[in-house]
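Peer 1: Assembling the complex is the task here: the two chains are given apart, and the hints tell you how they should meet.
As given, the protein sequences belong to chains A and B, one line each in that order. Residues in the first sequence are numbered consecutively from 1, following the UniProt record's numbering. Residues in the second sequence are numbered consecutively from 1, following the UniProt record's numbering.
Possibly wrong hints are sitting among the right ones.
Claimed, not checked - For lysine-lysine, the following DSSO-like pairs were computed, each having C-alpha atoms within a straight-line distance of at most 27 Å: (1) B:Lys161 to A:Lys50; (2) A:Lys80 to B:Lys23; (3) B:Lys402 to A:Lys50; (4) B:Lys57 to A:Lys50; (5) B:Lys161 to B:Lys57; (6) A:Lys75 to B:Lys47; (7) A:Lys80 to B:Lys400; (8) B:Lys402 to A:Lys75; (9) A:Lys75 to A:Lys50; (10) B:Lys47 to A:Lys80.
Simulated from the structure, these hints should not be mistaken for laboratory data.
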Amino acid sequence: MSDTWIEVCAADEIDEEDVIRFDHAGRTFAIYRSPEDTYHATDGLCTHEKIHLADGLVMDHIIECPKHNGRFDYKTGEAKGAPVCVDLRTYPVKVEGGTVFIGL
Amino acid sequence: MADFVIVGAGECGARAAFALREKGFDGTITLIGSETHLPYERPPLSKEALVAGAGPKLVADAERYAAAGIAVLSGRTVLEIDRAGRRVRLGDGTALPYDKLLLATGARPRTLPGMACGGRIAALRSHDDATRIRAHLVEGSHVAILGGGFIGLELAASARKLGASVTLVEGLPRVLSRGVPAEIAAIVASRHAAEGVEVLCGAKVAGIEERPGEVRLTLEDGRVVSASLLVVGIGAVPNTELAEAAGLAVDNGIAVDGLLRTSDPDILAAGDCTSYPLPLYGDRRVRLESWRNAQEQGQLAAANMLGGGEAHCAVPWFWSDQYDMTLQIAGLADGAATTVRRDLGEGAFLLFHLDAEGRLIAASGIGKGNAVARDIRLAEMLIAARRHPDPAALAAPETKLKTLLAA
Ligand SMILES: Cc1cc2nc3c(=O)[nH]c(=O)nc-3n(C[C@H](O)[C@H](O)[C@H](O)COP(=O)(O)OP(=O)(O)OC[C@H]3O[C@@H](n4cnc5c(N)ncnc54)[C@H](O)[C@@H]3O)c2cc1C
Ligand code: FES
Chain A
1 MSDTWIEVCA ADEIDEEDVI RFDHAGRTFA IYRSPEDTYH ATDGLCTHEK IHLADGLVMD
61 HIIECPKHNG RFDYKTGEAK GAPVCVDLRT YPVKVEGGTV FIGL
Chain B
1 MADFVIVGAG ECGARAAFAL REKGFDGTIT LIGSETHLPY ERPPLSKEAL VAGAGPKLVA
61 DAERYAAAGI AVLSGRTVLE IDRAGRRVRL GDGTALPYDK LLLATGARPR TLPGMACGGR
121 IAALRSHDDA TRIRAHLVEG SHVAILGGGF IGLELAASAR KLGASVTLVE GLPRVLSRGV
181 PAEIAAIVAS RHAAEGVEVL CGAKVAGIEE RPGEVRLTLE DGRVVSASLL VVGIGAVPNT
241 ELAEAAGLAV DNGIAVDGLL RTSDPDILAA GDCTSYPLPL YGDRRVRLES WRNAQEQGQL
301 AAANMLGGGE AHCAVPWFWS DQYDMTLQIA GLADGAATTV RRDLGEGAFL LFHLDAEGRL
361 IAASGIGKGN AVARDIRLAE MLIAARRHPD PAALAAPETK LKTLLAA
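Isolated chain B, as found in the complex (with noise of 0.2 Å):
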């Protein structure tokens, strides 16, 4: 009976974990994560959960890992990859012997030069990290957020919602300046200003201090901001040194084939840890750090540890809530020569993005709730086929994106 191992019990290797029971996998399964809490999605942890001090929201229950006969070691950490005696070594001196090996070890806040999280300093990432950040958030508190990125932004909403007032600090001219439309960005800043957020944008920090009751943020320009917590939202680094210290090959993560197989085809890697080319954008390597593309490449690492020998070839989506409106993302705009708008009312648009020969490579899209959601799906799947739509067919709302995927 062969013994597959996953390193890393987040959205990604669980999603993995039960994908190979579903395709008839009779092997053992373990999947070992350094967080106590079974596999929970991180996606609320910045929304609704920190919202309500909800606990984590379980990809699946005990019953269910269980029930597929998925061992799962929670609190225990893979510190070193024999790949020469086919095992991984625990933090407690375990050697787990494996068949095949998956990494889905994600990826981790990135800190600041030489100041490590504590005190008054926070980042976002886990439900432990959540809950340290919610016990600032009350009626009155002012919490500061370096970083004008997703999880910042997100963030800054949910502190309103708790009554806390905010401070976000972001270096460049304006937020979301990585894979979002600046048009779309506007709308969000502006959103963030009127609900009270202060937004200081091309503020560069000159010093950081904390003190007693107070962390005190001073900026370039002088300006002091002082708050009862500053969270750092300043991006993710790849969790790749396990991958590394085994001579694996690493590229902006750890670097896998189409079929999701490190540089040791016995080892596969996937989600927020891997780099990988994209088919749709000329092999280009990418890494992406998004909830689908964990789940799907989870799926797909299980497929291939089985030997499928199918190749990851999907559009990349994300989404973000912030207050009721909702974006999202389908494909990669850098590289677009043209933008086409599309209004659907209410203050909900989408912008479709072409490359010089009319090819539609991304679309992003906000609005309320889920008014962009339908087309930006169906964009997705005309990104997908690669396909020319015509601008003017586009830019109307009432020609419906259905027909232009039939056409």
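Chain A with its partners taken away, still in its complex shape (with noise of 0.2 Å):
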């Protein structure tokens, strides 16, 4: 693997269990900040409708989709049932010096 890792934001400016989004170079993400305290990263939209996720609730390991409620895995990208029916692409994520990096 040849990731790149690019700079997110501090560890600190995410809540736990919450999500914020980030958009690099002409695309988006979704990172968050589970209740373990462990960092994630997905693609920035639903895959029902493009819809940014950082405006859902997370709830333990689900992002929630706010336009319909389409539940993500955000761990393993999984899709949870309906309406979404296709998985998140999800990234590495690792937190170096207090600062959150993606692996693109």
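Peer 2: Quick look at the structure:
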């Protein structure tokens, strides 16, 4: 894997069990902080309609789309049932020196 | 092997069919629908699909039905249920046996007395309706919309995007008088006015006349609206005739219990065609016309066709998109004693509706894009948990609703 690590934000800029939007090079991502304080990243747009997931609600390891409540496991990208049936792409994330990086 | 038959291939019927397989049912599943398309989502018909002139947004493509072993009979109508013989009879005379039957027949637009759709009068329920309406929505044309409910208003917004001019006629003093707080309806109405829609509230129709090249609406105060097309958006009526003819109980929809069973335990009903008791609201019997309800009940019906015994205990939820605004409503607000407002900035706000004991029974919100979505979802959880949140905390945007849920 030849990931390039891109700086996202300071680790404490994302609340626990929450998500933020991150735009980079014309693409949009959703960056999550889980209740266990781990960080994760997926494509930013829902696979049902192109809606920013960062406006949605994080519950445990699930992100729920704000538009029609489609659900994904943000750790694996797995679509968890109607109306979403296409999985989300996930990306590696690392936290170094209090900063979150996404591997693209 | 058991034979399960689903009548009505809409959102609800299709979700039920897939849910049966997901839950491990290995008998036959036959999904029968009058429309010639595979099951598709209706919400886009008045919104983005209408503007784009897009084809139907299918719930699933043909391969997914084939892979799940679901037989879809499109363009076929069930005419009769033979309960004694446990068969349904189709329009072409075919009889299909069932062990369990699900009625997901949906609803159809209410029509004006003595006035059928056709010519320059239309209603919006199906993809074919949308195609017909869209042909009239061109730059410089004029459409009249009767009814200031969700469908009429969404259609007005889409028509404006396509460059048509719009007159919307509502008989009541304001738009969205059913289920939407006046504060939110006022914002919707003023936005439509700002976008150039002529909104006539409190306007009673005295007569409708089709003439060559136009349809004319005469109002009781003498005003005349001339349009290329009149779209009637005055609500929907549940498709209950089949159930009624079979002797099933009907009460503003096919009457089902909390497990979605009709008065015949082998026949269930779900979605827009049913009325059912809502445990969160004192088992009050309601009929909802909502996309998520159709989905949830379809899934629940599937579980209960398999003997699951799960009761329906959801919070009603609805959304509407108009221009760049989205409105969301969770719960039922009638019966509210107090309302608390929370401002989210950039014009977005939420209203929390509490009953006399301070229990949160509904929340509604409007804003740009999905500004209110997350908080409405959290409110929905508070409603489901029958919470009595502190009104001051609800009003304070700096208090995260999530913390109220944990409290
Ligand atoms: C234009 C429009 C916009 C909407 N927007 C929203 C929105 O923004 N948000 C929201 O929450 N909800 C919205 N809704 C409501 C939502 O689409 C419905 O609640 C949902 O479609 C109900 O699904 P259903 O399967 O119960 O019924 P339907 O979708 O009505 O499907 C029932 C199907 O059964 C078929 N049928 C009936 N009788 C028979 C028979 N005897 N034999 C065979 N087939 C039969 C019908 O032809 C139909 O195809 C909208 C609806 C419309 C029309
Ligand atoms: S856009 Fe995400 S669930 Fe529909």
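Peer 1: If a hint holds in the structure, say so; if it doesn't, say that too.
Peer 2: Verification of the supplied hints:
no.	hint	verdict
1	B:Lys161 to A:Lys50	holds, 20 Å
2	A:Lys80 to B:Lys23	holds, 14 Å
3	B:Lys402 to A:Lys50	holds, 26 Å
4	B:Lys57 to A:Lys50	holds, 14 Å
5	B:Lys161 to B:Lys57	holds, 20 Å
6	A:Lys75 to B:Lys47	violated, 33 Å
7	A:Lys80 to B:Lys400	holds, 26 Å
8	B:Lys402 to A:Lys75	holds, 21 Å
9	A:Lys75 to A:Lys50	holds, 20 Å
10	B:Lys47 to A:Lys80	holds, 26 Å
Comparing the model with each earlier hint shows a violation of hint 6 alone; every other hint is respected.
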